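Visitor: Residues per chain, in single letters:
Number of protein chains: 2
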Amino acid sequence: MTHKYCYFQGSIIPFDKAHISLNDLGVLRGYGVFDFYRSYNGKPFYLKEHFARFQNSAKSIGLKVPVSFTQFKKITLDLLKKNKVKDASFRAVLLGGPVQNSLAPAKPTFYILNEEAYAPTGEQAKKGVSLMIHEYLRYIPEAKTTNYTEAVKMQKEKMKQKAYEILYVLNGEVLECSTSNIFMIKGNKLITPSKNILKGITRKVILKMAKKDFKIEERDVKLEELFSADEVFISGTNKEVLPVVRIGNKKIGNGKVGEKTKSLQMLWGQEVSNR
Amino acid sequence: MTHKYCYFQGSIIPFDKAHISLNDLGVLRGYGVFDFYRSYNGKPFYLKEHFARFQNSAKSIGLKVPVSFTQFKKITLDLLKKNKVKDASFRAVLLGGPVQNSLAPAKPTFYILNEEAYAPTGEQAKKGVSLMIHEYLRYIPEAKTTNYTEAVKMQKEKMKQKAYEILYVLNGEVLECSTSNIFMIKGNKLITPSKNILKGITRKVILKMAKKDFKIEERDVKLEELFSADEVFISGTNKEVLPVVRIGNKKIGNGKVGEKTKSLQMLWGQEVSNR
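First to last, the sequence lines map onto chains S and U. When we follow our numbering, the leftmost residue of the first sequence carries the number 2, and every step to the right adds one. When we follow our numbering, the leftmost residue of the second sequence carries the number 2, and every step to the right adds one.
Isolated chain S (complex conformation) (with noise of 0.2 Å):
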């Protein structure tokens, strides 16, 4: 759900007094990118990179961010204070703007919604869960584009398979996931891909903080490679630290989750309490 204020265009107002025109090129178009990142207990989380990205992806596409990174956090620090929460979800979004008859960008639309903050239960963190598997290359794959259309596409088939995501397969290439990235764990080696993915912030957080535990190996992974995998598991902002124990129909090493995501699972907690 969304919290009863949000940031567009300069000030925060309630969710339901802003509105975007049926002429952007965010709408018409597709033409937008966004950020999703997240507070705990009242402190934005890794706010600088996201910001970082968010620029990044802004700028694959010809779009600039038209906030400084101490504007942006303000705002992000104004949203929970107004929305009296200190666990929730920011998704920050910039597209084209309004145009007329034309496929050239205007004055963008720039907004944050605040969310509420989103886990896994429970249930899925200590129990695992499973990936279906699809042939997919993400447009500008490095970006946060609001190019989606396939994963909203797969919902469908993704319930019908009882996975709780969707992975992206390219010629037998592991990327991503649709909203998250992979890693596997084979003997004392944590590996992921690097290649046509987007570089998550909790994946990141995640490299950095298994490196006294784990060698680490940021490479090309074929999916022949993750079936054999001892444990998988995937990240996210609202994911964290996410065990598989399925893909397609096959199942992960016992079909339990395993002991080193479980460190990696209280690694975060930890990461999470320290910030």
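Watch out, some of these pointers could steer you wrong.
The calculated DSBU-like cross-link candidates involving lysine-lysine, where the alpha carbons are at most 35 Å apart (straight line), are [unchecked claim]: (1) S:K196 with U:K196; (2) U:K5 with S:K157; (3) S:K60 with U:K44; (4) S:K49 with S:K209; (5) U:K5 with S:K154; (6) U:K261 with S:K108; (7) U:K60 with S:K223.
I should point out that these hints are in silico values taken from the structure, not numbers from a laboratory. In this text, all values refer to a predicted model and were calculated from it rather than measured experimentally.
Take the given structure of chain S and dock chain U to it, following the hints.
Guide: Relative to the frame of chain S, chain U by itself:
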């Protein structure tokens, strides 16, 4: 320019009274389709064909146009009356609808903008235009989804190259332009790509009316073959039959608009006045 009245979610209302939610899937996830059609002298042009294509586009991403053809036609005629215009463009847009923290489509957002009819200048139609070449394949090319980020992103480069349109090419195969189809004439043959493209209604009408004078070939076309054409033109609802005299840095034919393209422009004029 958008005319004063538009159709929005069941009624005809002033454009500036209609708005989209900040959390419409059409915005947050670029999940939408559209169609673009026009009227000549108060009569919608090939409306049935446009409606059928709109339905197909919707279906290809899992949406359903929420009105029948009869209703679609009535809305179109009502807009012309209400806006007191006879020659106009229409942009029918169907989006996934507002959602709460989800990727699953809800109640779709459906609207039709009524815009000024737009056509190439007399000079462009007489002297021809230039294309720039760009390697790109659209997402679900057979459908008119709203995913046009690449086209918007390339506008600056297009200006720089003084081109009128962007020609999409994939591994040496000619596909389509960013918002038009492409044709080449070689001897008595009229040749046009048929795979990985949006099949334009204008394209269809041209193929129908050219049958008596040309041998029609719908097939793969290599960029090298296009360069060797006698004549080239592009087609689209707001481009009609528009001659092309330069592609990248290559002149087409002698760099002047050819006689066969001129004869198709004449046939097009007749088609329009006969409807």
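Visitor: Would you mind marking each hint as holding or not holding in the structure?
Guide: The hints, checked one at a time:
Simply put, S:K196 and U:K196 have alpha-carbon atoms about 29 Å apart, close enough for the 35 Å limit, and the pair holds. Using a Cα cut-off of 35 Å, the hinted pair U:K5 and S:K157 is violated, with the two alpha carbons roughly 39 Å apart. For the suggested pair S:K60 and U:K44, the alpha carbons sit about 43 Å apart, so the restraint of at most 35 Å is broken. With a C-alpha separation of about 16 Å, the suggested pairing of S:K49 with S:K209 holds against the 35 Å cut-off.
Restraint check for U:K5 and S:K154: the C-alpha separation of about 34 Å stays at or below 35 Å, so the hint holds. Pair hint U:K261 plus S:K108 does not hold up; C-alpha atoms about 43 Å apart against a cutoff of 35 Å. The hinted pair formed by U:K60 and S:K223 meets the criterion: a straight-line CA distance of about 33 Å does not exceed 35 Å.
The structure fails to meet hints 2, 3, 6 from the earlier list, while all remaining hints are met.
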